[in-house]
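Single-letter residue listing:
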Amino acid sequence: MWKYILKRIGLAVVTAFIILSLTFIFMKMLKPERFVGTYSQRMAFYTSQEHSGYLVSTKTPREGETYVEKLTSKAGEETYYYSVPVMEQYVHWLGNILHWDWGVSKTIEPNVKATVIIGERLVTSMKINIISVLISVPAGIALGIWAALKKNTMTDHVISTMVMIFISVPSFVLITFLMLLLCYQNAVLPTQWPNPTDPTSQKVLGYILPVFCLSFGSICGYCRFTRAELCEVMESDYLLLARAKGLTRNQSITRHALRNAMVPIFPSILAEFIGIMGGSMVLEGLYGIPGIGGLFVNALNAKDYNVLFVDMAIFTSVSLLAGVFLDISYSIIDPRIRMGAK
Amino acid sequence: MKKSTRILALALVLVMIAAAFVSCKDEKDCEHVDADHDLKCDKCGADVPCAHVDENKDKKCDYCGAEVYGGYLESIEDYRAYMKADLKALVESIGSVSVDVDAKIKEAQTAGETAIDAAYTTNDVQKAFSDAKKAIADCIPLANGVFSFTSKSAAEKTEILGILEAYAVRNGITGITMFENGGYVMYNERVTLGTETYIPGYGFGVLAEGALTGELASENKAEWKRYYHTYEAADPGTANYLDSQGSDVGDVYGYIGGSYYTVFMNDTKDGYDWVKELAATEPQPMNLNEETKQATTWRFELRTDLKYSTLGKYADKYNNLAVQPEDYITPFKLLLNQGNDYYRGGELANGSGASYIVGAKEYYDATKEAPKGILDDSKYDFSKVGVKVYQEGGKWYFEFTLGAAVTEYYAKYYISSSLYQPVPKSFIELVGVDNFLQFSEDKSSTPVDNSLSLGAYIFEQWDSDQQIVYKKNPNYVYASTKYAIEGIHLNILKAASTDKEAGIKEFLAGKIDASGIPDTYLEQYSSDPRTRTTSGDSCFKLNMNALDAETWEKMFGENGIVTQTPKDQYWTVEPALNNGHFRQALSYAFNRDEFAVAKGSISSVNYLSSNYMSDPENGISYDMTDAHKKAVASLLEDTQNGYSLELARDYFRMALDELEASGAYQPGTPENPTVIELNIVWMYPTHEEGYHKYVKQYWEAAFNDESVCGNKYKLDVTFAVGEDYMFAYDSMMLGQFDIGFGSISGNSLDPLGFFEVLSSDQEISGSFTLNWGLDTNDPLGDILVYNGMRWSFDALHQASTAGAAVKDGALDAMYTIDSDIKAGADGSVEGTITIKYMDGVKLNEVDGVIFGTNADDYSDYNEVSVQSFEGTTWNVVDDGNGTITVTFKVAAADAKWFVDAAYANGIDVYFGYDVAAADIHVAPAYIKTVDITK
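Which chain is which? The protein sequence lines are A and B, in order.
Those letters in the first sequence? Residues 1 to 342, by this note's numbering.
Those letters in the second sequence? Residues 1 to 934, by this note's numbering.
You may find that some hints are simply not true.
Claimed, not checked - Straight-line alpha carbon distances no greater than 25 Å define the calculated SDA-like cross-link-like pairs of lysine to any residue that follow:
1) A:Lys28 to B:Lys225
2) A:Lys303 to B:Ser865
3) A:Lys31 to B:Tyr725
4) A:Lys28 to B:Gln564
5) B:Lys368 to A:Thr72
6) B:Lys471 to A:Asn96
7) A:Lys59 to B:Ala925
8) B:Lys225 to A:Tyr184
9) B:Lys822 to A:Glu63
10) A:Lys59 to B:Lys471
11) B:Lys372 to A:His92
12) A:Lys59 to A:Glu88
13) A:Lys59 to A:Thr79
14) A:Lys303 to B:Tyr684
15) A:Lys59 to B:Glu215
16) A:Lys28 to B:Glu215
17) A:Lys70 to B:Ser355
18) B:Lys472 to B:Glu215
19) B:Lys889 to B:Trp874
20) B:Lys368 to A:Val104
21) A:Lys70 to B:Asp724
22) B:Lys372 to A:Asn96
23) A:Lys59 to B:Ser865
24) B:Lys443 to A:Val104
25) B:Lys221 to A:Pro194
26) A:Lys70 to B:Lys889
27) A:Lys31 to B:Thr565
28) A:Lys59 to B:Ala370
29) A:Lys31 to A:Ser48
30) B:Lys443 to A:Leu98
31) B:Lys599 to B:Glu501
Said to hold, decoys possible - Which residues of chain A face chain B? A partial, calculated answer using Cβ under 8 Å:
32) Ile18
33) Val104
34) Ile108
35) Asn111
36) Lys113
Simulated from the structure, these hints should not be mistaken for laboratory data.
Cβ atoms here follow ideal geometry from the backbone N, Cα and C, with glycine treated the same way.
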């Protein structure tokens, strides 16, 4: 078992390394940025790029090599800028990573370590996501159970119909609608994520919209899944046997049906958690939440590679580790599954 | 009188009467009529030209078979009338040159009009027009020599600007202006504005002259309820303006930054005045040219009452600390140390003209490998940089030397950047160069801690991606008379970057004090009592690629002058855009007023927005001047603010005539019309609904009307957008477009300088050229007259902004440098540097300079004159006829350092020059690096 876990963690690390390496190489293979402006502005920009290690300048053109930019001063002095080879940048970057130096931000928060920027925002994102999971799991499962127990009744139909409708609505659409309704038209909730200087009551209210919008899809997902699993289990022979043995309906459901139905549901919680993190990328931007989801989009637009790579590393690591936990959780929930057994 | 004499006299009279009767019948006075088309006058029988008739529309005269007009306009008379109007406008744009020349021009114009009247085909009319244009051009001499109009008065420069603008409008290189980006702004009822009428280039004076009359209920922190609440779409993450590329950091830093001079609203509240801020006196010239009232070196007295303010962790030591004289130099040392890698430092070092501080480039270059920080003067000589502080007569002075002579007003203007706000060296050393004005690496200190203010406000709080808060600076020079508002709360409203309604929603929810009104809210709020109208800072345009295929290849092809494009990526130009009448038709077809009402912007045909000042000292907007009104008259005449469907259709008809005549297009059929596709590249996907649909509708409705295109052509306006807004700009700058949407803003106090972006020469425009159509350095391309001479656009622009050498009307090089330097077999270096200069240019202090080092740590990094090496020969010979020849030799044995460095970096040719006739004086500088052939 432990050997299997270590092996999976090892593989996750290797996978993360490959993903990050490919991301770095592909990003750096993008066409170098050309700056538009006056001679002095362009000279300043390319000098800065040279200092950052992205470009190198020469006074004479290099044979057979395409330059990124050629600057000619009014006096006719020429300066050629060439990209530093991607693999050279990669080796340099890798060397820094091995020393746990992920670099500093260039545009998002210049001079601040990328890890510090991520760390600061990770807390907010995780809070919202974890609270969403904590709400959506019991709510979704409870609704699913209720629907399953009331199968083919009006209650079941209403729940199932609502689930089908709301599962189709992305969280960012929902929050846009709810912001308009609850924040701007009726002033019930804060219009934007509260500032650190706002009172606690305001901060608590600030969680309602994003948590609700992130939970909504998950609740529907869990509900649908739970209902399907429970309905299937409740029609199984062993449940009939349990009733035949003299267990009440409630006893048979809680002791046998629910436990067996939960086997595929619990692992899906982790998968759903990753999904929620992805959904918060757009949502954070809309509600002004200082989290890593919105940061990823900003860093990508601002070409702040160091921040982007750390953000990417977080998403990758969380996803891969969640995968490992997912596999392990199977053996905990269902003892018949033995990890690493031959 | 004898009877015979009387009879003779009577006979003579009768003969004269008879002769008179006969002559009235001759062809001279007869109003010829040739109804039977026999080419003889029906009245006098004289030979008359055929008055061609083409009733069957085969473009051949029904009577004589000659080729005749059969185009899209009503008749050839209409076409002639438009072309004669073009000719008249051209002559009017020339103005008066001299009595003789004016007469010749008039003569050429009359001859041209006669020739146009005599032409019966599109081609013939065009030829007559071109011949007339050439004849007119030949009347005016081409400019030759070295010229500088930099010291001209504001009025004279406005006149030049008008001439340049008229040329640009005539040739379509200003694009088609869609709107000015001003519009409607709503202010919270608690805000008292400084003025109710928007002042271009200044605003409403909300902070400096305004006030808040109540508290903002939605603000949770009691101390901030009386702060002015506004928003930014993104957190710039830093306040380090010294190292920023965009305007966002400048906006954040601007509240805490002080400058030597600033502007405040005038007493009549309709303009603004320049006042002293960190300076104690007005600048005094140190080398005044009495004639031009300009100088390069200026000084002003330092204030003795300035104190720094901070609310950060170093407040104990620095809050209320008096500013010391040496603090004035620190920001320059900070900027110009290349080791600090400050973007604005590079910009300052590579500047030109008056925006350049003498010696900055040399210091910047010398610090390429220097450590971070404020460098020691003993290691890095700062004495040659044109800023210094000294004491004289018991008073402290700040003296600065600019790269070009300027008037007192511009001396204030160029030195008044908040980049130059004094700062103590000890503070930089305490917080560290990397942390100055921004967060530290681990965020243990913030911009609140790492900044000192001499401006109106101080940083109070900075929460990343959420809020930036400022508090009023009690030490500010005008704290008691201006800036009554207690603080500013800048909310970071991220949604505003993607949702144009985010700002107004926050405003209506009572969270902020002001917001622009997007078009979707206009109907509801444009008449609201809280709403004010503003003018904009930029005019947005549809920029044109009006090149023909051949010129496009010359500019952008495989061996293009501007950029090099592989053959398989060549852009297929749309020939219609190469036609001036077609472009003018597009302009007339765009209903600006209707569009502006729909979008909440300002209807405009102007290239420059109204905040560009042709006389900034007196607050005169260029758009208000006669020079501008004359330049854009052709766009406005007989139109509704540049819109006229009738004119648009006539100009489309003319364009179709011309395009068909030139063979650019062949007419199609109603079933299969020839399609003219205009692809417009926009900045954002939202522009499809916001802008494109209007343009498409206006243009297609004007052109695709049967009366215009005869169902033989179809105009198809298509939409394109890239992954971000830069795609549109890149497309325009690389020639990969038909029409591109965009705008460039420049220095609003120097509209003449900003016109550099209209040049097709990338070195002049700084790669900002968005409209392509003609070579702006070709004086023969169109007629541009100033001072009685013909110029190219580039030549006149450069002469007006920096001084220029002009040859046959075109911009020429003031000097050229050639070199032939070789390494000798023994390791020595010898060679010749030849500098050819124009007549009237006097070069001085010609030298060669070597940069280099022997040590890995650059500890012996140095820059030395070639002549300084022992045993070196350095002979400068000026032949007095425009050539300076420098021959030199450096022996390897004596100067191994030199040889190694010269191999590595080349030799920098160094000199200054004067053009006495044009009053151009350029201080010695590193002009060009020449290489050594090994």
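Each hint, compared with the structure:
1. Restraint check for Lys28 of chain A and Lys225 of chain B: not satisfied, since their Cα atoms lie roughly 47 Å apart, outside the 25 Å limit.
2. A hinted pair counts as satisfied when its Cα atoms are at most 25 Å apart, and Lys303 of chain A with Ser865 of chain B does not qualify at roughly 43 Å.
3. A threshold of 25 Å between alpha carbons decides the hint, and for Lys31 of chain A with Tyr725 of chain B the separation of about 16 Å falls inside it, so the pair holds.
4. Between Lys28 of chain A and Gln564 of chain B the CA atoms are separated by roughly 23 Å; this keeps the pair inside 25 Å, and the hint holds.
5. The suggested pairing of Lys368 of chain B with Thr72 of chain A holds, with an alpha-carbon distance near 19 Å, which does not exceed 25 Å.
6. Proposed proximity of Lys471 of chain B and Asn96 of chain A is contradicted: the alpha carbons are some 41 Å apart, above 25 Å.
7. Only pairs whose Cα atoms come within 25 Å are accepted, and Lys59 of chain A paired with Ala925 of chain B is accepted, the gap being roughly 18 Å.
8. For the hint pairing Lys225 of chain B with Tyr184 of chain A, the CA-to-CA distance comes to about 20 Å; that is within 25 Å, so the pair holds.
9. Of the supplied pair hints, the one linking Lys822 of chain B and Glu63 of chain A holds, its CA atoms being roughly 21 Å apart against a limit of 25 Å.
10. Under the criterion of a C-alpha separation no larger than 25 Å, the hint pairing Lys59 of chain A with Lys471 of chain B is inconsistent with the structure, at around 49 Å.
11. Between the alpha carbons of Lys372 of chain B and His92 of chain A the distance comes to roughly 22 Å, so the proposed pair stays at or under 25 Å and holds.
12. Our distance criterion of 25 Å between C-alpha atoms is met by Lys59 of chain A and Glu88 of chain A, whose separation comes to about 22 Å.
13. Restraint check for Lys59 of chain A and Thr79 of chain A: satisfied, since their Cα atoms lie roughly 5 Å apart, inside the 25 Å limit.
14. Restraint check for Lys303 of chain A and Tyr684 of chain B: satisfied, since their Cα atoms lie roughly 19 Å apart, inside the 25 Å limit.
15. Simply put, Lys59 of chain A and Glu215 of chain B have alpha-carbon atoms about 60 Å apart, too far for the 25 Å limit, and the pair is violated.
16. About 51 Å separates the Cα atoms of Lys28 of chain A and Glu215 of chain B, which puts this hinted pair outside 25 Å; it is violated.
17. Restraint check for Lys70 of chain A and Ser355 of chain B: satisfied, since their Cα atoms lie roughly 23 Å apart, inside the 25 Å limit.
18. Under the criterion of a C-alpha separation no larger than 25 Å, the hint pairing Lys472 of chain B with Glu215 of chain B is consistent with the structure, at around 16 Å.
19. Taking the CA atoms of Lys889 of chain B and Trp874 of chain B, the gap is about 7 Å. The hint holds against a cut of 25 Å.
20. Restraint check for Lys368 of chain B and Val104 of chain A: the C-alpha separation of about 22 Å stays at or below 25 Å, so the hint holds.
21. Our distance criterion of 25 Å between C-alpha atoms is met by Lys70 of chain A and Asp724 of chain B, whose separation comes to about 24 Å.
22. Taking the CA atoms of Lys372 of chain B and Asn96 of chain A, the gap is about 22 Å. The hint holds against a cut of 25 Å.
23. A hinted pair counts as satisfied when its Cα atoms are at most 25 Å apart, and Lys59 of chain A with Ser865 of chain B qualifies at roughly 20 Å.
24. Restraint check for Lys443 of chain B and Val104 of chain A: the C-alpha separation of about 12 Å stays at or below 25 Å, so the hint holds.
25. Restraint check for Lys221 of chain B and Pro194 of chain A: the C-alpha separation of about 12 Å stays at or below 25 Å, so the hint holds.
26. Taking the CA atoms of Lys70 of chain A and Lys889 of chain B, the gap is near 31 Å; set against the 25 Å cutoff, the hint is violated.
27. A threshold of 25 Å between alpha carbons decides the hint, and for Lys31 of chain A with Thr565 of chain B the separation of about 15 Å falls inside it, so the pair holds.
28. Between the alpha carbons of Lys59 of chain A and Ala370 of chain B the distance comes to roughly 20 Å, so the proposed pair stays at or under 25 Å and holds.
29. The straight-line distance between the Cα atoms of Lys31 of chain A and Ser48 of chain A is roughly 18 Å, inside the 25 Å bound, and the hint therefore holds.
30. For the proposed pair Lys443 of chain B and Leu98 of chain A, the alpha carbon gap of about 23 Å is at most 25 Å, so the pair holds.
31. Distance restraint check for Lys599 of chain B and Glu501 of chain B: the Cα-Cα separation of roughly 13 Å lies within the 25 Å cut-off, and the hinted pair is therefore satisfied.
32. Interface hint at Ile18 of chain A: violated, since its Cβ lies 26 Å from the closest Cβ of chain B, which is beyond the 8 Å cut-off.
33. Annotation: Val104 of chain A was flagged as interfacial toward chain B, and the flag holds, the nearest CB pair being 6 Å apart, inside 8 Å.
34. For Ile108 of chain A, the interface hint holds, since its Cβ comes within 8 Å of a Cβ in chain B; the closest pair sits about 5 Å apart.
35. A least Cβ separation of about 5 Å between Asn111 of chain A and chain B falls short of the 8 Å threshold, and the interface hint therefore holds.
36. A least Cβ separation of about 5 Å between Lys113 of chain A and chain B falls short of the 8 Å threshold, and the interface hint therefore holds.
This entry does not satisfy hints 1, 2, 6, 10, 15, 16, 26 and 32, going by the numbered hints stated previously.
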